[in-house]
Each structure stands twice: as structure tokens, then as C-alpha cells.
Amino acid sequence: MLRALVVLLLLANAALWAWREGWLGIAPTADDGAREPQRLAQQVEPHRLRLLNPPGSAPPPPPADAPSDAGPPPEASPNAGDATTAAAPTPAPEPRRCWQLAALPPDQAAAALRAADRNADLRGRHTEQAGTLPARWIVYLGKFASADALQRRRAELRAAGIDQREVNVPALAPGLALGTYSTEDAARKALADAQRQGVRDARVVQERAETRVLTLRWPDLTAAEHERLRAALGAAGRGLAACP
Numbered sequence: 001m002l003r004a005l006v007v008l009l010l011l012a013n014a015a016l017w018a019w020r021e022g023w024l025g026i027a028p029t030a031d032d033g034a035r036e037p038q039r040l041a042q043q044v045e046p047h048r049l050r051l052l053n054p055p056g057s058a059p060p061p062p063p064a065d066a067p068s069d070a071g072p073p074p075e076a077s078p079n080a081g082d083a084t085t086a087a088a089p090t091p092a093p094e095p096r097r098c099w100q101l102a103a104l105p106p107d108q109a110a111a112a113l114r115a116a117d118r119n120a121d122l123r124g125r126h127t128e129q130a131g132t133l134p135a136r137w138i139v140y141l142g143k144f145a146s147a148d149a150l151q152r153r154r155a156e157l158r159a160a161g162i163d164q165r166e167v168n169v170p171a172l173a174p175g176l177a178l179g180t181y182s183t184e185d186a187a188r189k190a191l192a193d194a195q196r197q198g199v200r201d202a203r204v205v206q207e208r209a210e211t212r213v214l215t216l217r218w219p220d221l222t223a224a225e226h227e228r229l230r231a232a233l234g235a236a237g238r239g240l241a242a243c244p
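Going by UniProt numbering, the first residue of the sequence shown is number 1, and it counts up by one from there.
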């Protein structure tokens, strides 16, 4: 009997302990909750729960592409490109060149300049460059009595194989030069050679003394201005040449 009482006490204690631990599924009292703060802290509070994607919050599906009432874009007018193409290109500037009359005596240069200014309308368009022509000596034949006499003597010299040229200096024309030299000594040596070839009537003369000269330049002439200048210069225009 005593053994059965002990067993009942043990079972009662075990049931009480299990009830306190909540294993029997019975809600604890307020006093029990105060004694179990850890278990209460782990309970879920439903009134604080919030759905991340509540019903009806999903974005609406994109609307179907509405049929476009607008027609295809208008084609570019073929005349639009033609307007640009038809625009006249900017004409290239007319080419210009430099022309000159070289080594003129001062009086001839002044006459040429007056003709260019007056007849070619080129006033103020020129530049001048001064220079000096050295003295020139020749082995000379002449003066001949006539142009025919000069030509007969030229034929004789050609037959003998002797080079010559006509002399155009007024004081010496009509005459022939058998050679041109920058010093008198060089000319006299050439004279001795000519005499050994049988030319007995030659002599050494100064064809030109040291001379101050002017070169006239027109640096930027169009083709039309060049033609006007050549015409205005007359015979002197034959000496007009492109600048070096």
C-alpha cells in the first residue's frame, strides 16, 4: 500500500512538472507567463506581421500595343537632295603668276613702267630690283658697209668653222662678235686664237661698260592682266618672262 502511494506521488510530481513546461498543451496562466520570459519572447505576434506582396499589389501587365493609326513616315522628296547638289560650287580663285622684265637700263625701265601703268591699268602693282651688269668685251669684226656685206662675212666664218653672232649695240652695228668675255685680257687671248685661224681684221672692243639696271616685276597677274601688260609694252613685251 505504501509503495503504491509513493508511485502516485511520483506520477503527480511528473505531471505537474510537465504541465509547467507546457508539454501537456495547456495555456499557462498570467503568473506562469511572468515566470517564462524567454518562451514569451520567442512567440510570434500576429498583429505585427506584414505581407511583402499583398494581394492586388502586383503591377498590372503591360498594355497590348495599340494599333498605330499613323501611316508610314513620308518618303524624302527626291528634289531635296537635288537642291544641295544643284547649288553651284564656290569657284576656285583665278591662278596668278609673277612676270618680270629683267636687267633694263634705267631709262628703258621707266618707259616700260609708264606704259604698264597707263595702258594696262597696273599702277602700283610692280616691284623694282636694282642691279649692275658687269662690263663686257668682244672680239669684234665691223662695222660692215651694209647688211649684205655682214651676211657674206658670216658665211665665210661658218665655212671656216668659226662661231660668231651679230652685235646689236648701235655704236657697233652692223658688226659681228667672235666671242664675249668679262675681262679685256680674256678677250685679247681669244683674239690671238682668231688671228691664228686666219681672221686678220678682228680687234678687241668693249661692247658694254658696267651698267646699272633695274628689274621690273609684277608678282600677281592673272592671265588677262598678263596679256594686257604684254600688249602695253609693245616691242619690250618680248622680254617679259616668268619670275624665277
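It should be emphasised that the hints constitute simulated quantities derived from the structure, not laboratory data.
Bear in mind that the values here come from a model prediction, so they are computed numbers and not experimental data.
There may be inaccurate statements among the hints.
Computed beta-carbon distance windows for the label pairs [what the hints assert, rightly or not]: (1) Thr222 - Gln195: 15 to 21 Å; (2) Asn168 - Arg123: 29 to 35 Å; (3) Gln151 - Gln195: 19 to 25 Å; (4) Arg230 - Pro106: 18 to 24 Å; (5) Ala102 - Ala209: 15 to 21 Å; (6) Gly124 - Asp193: 28 to 34 Å; (7) Ala135 - Ala223: 36 to 42 Å; (8) Ala171 - Arg196: 39 to 45 Å; (9) Ala231 - Thr211: 26 to 32 Å.
The C-beta atom is built at its ideal place from N, Cα and C for all residues, glycine as well.
Checklist entry - Does the Cβ-Cβ separation between Ala171 and Arg196 fall within 39 to 45 Å? => result violated (28 Å)
Next on the checklist: Between the beta carbons of Ala135 and Ala223, is the distance compatible with 36 to 42 Å?
Outcome noted: holds (39 Å)
Next on the checklist: Just to be sure I understand the hint, the distance between the Cβ atoms of Ala231 and Thr211 should be within 26 to 32 Å; is that true here?
Outcome noted: holds (28 Å)
Next on the checklist: Assuming the hint says 15 to 21 Å, is it satisfied by the Cβ distance from Thr222 to Gln195 or not?
Outcome noted: Between Thr222 and Gln195, where Cβ atoms are some 55 Å apart, the hint is violated.
Checklist entry - Is the gap between the beta carbons of Arg230 and Pro106 within 18 to 24 Å? => result Once the Cβ atoms are compared, 22 Å apart, the range 18 to 24 Å for Pro106 and Arg230 holds.
Checklist entry - Are Asn168 and Arg123 spaced within 29 to 35 Å by their CB atoms? => result holds (31 Å)
Item to check | CB-CB spacing for Gln195 and Gln151 relative to the 19 to 25 Å hint | outcome: Since the Cβ atoms of Gln151 and Gln195 sit about 23 Å apart, the hinted range of 19 to 25 Å holds.
Item to check | Satisfaction of the hinted span 28 to 34 Å by the C-beta atoms belonging to Gly124 and Asp193 | outcome: At 52 Å between Cβs, range violated.
Next on the checklist: Looking only at beta-carbon atoms, does the pair Ala102, Ala209 fall within the given range of 15 to 21 Å?
Outcome noted: holds (19 Å)
Checked against the numbered hints given earlier, this structure breaks hints 1, 6 and 8; the rest are met.
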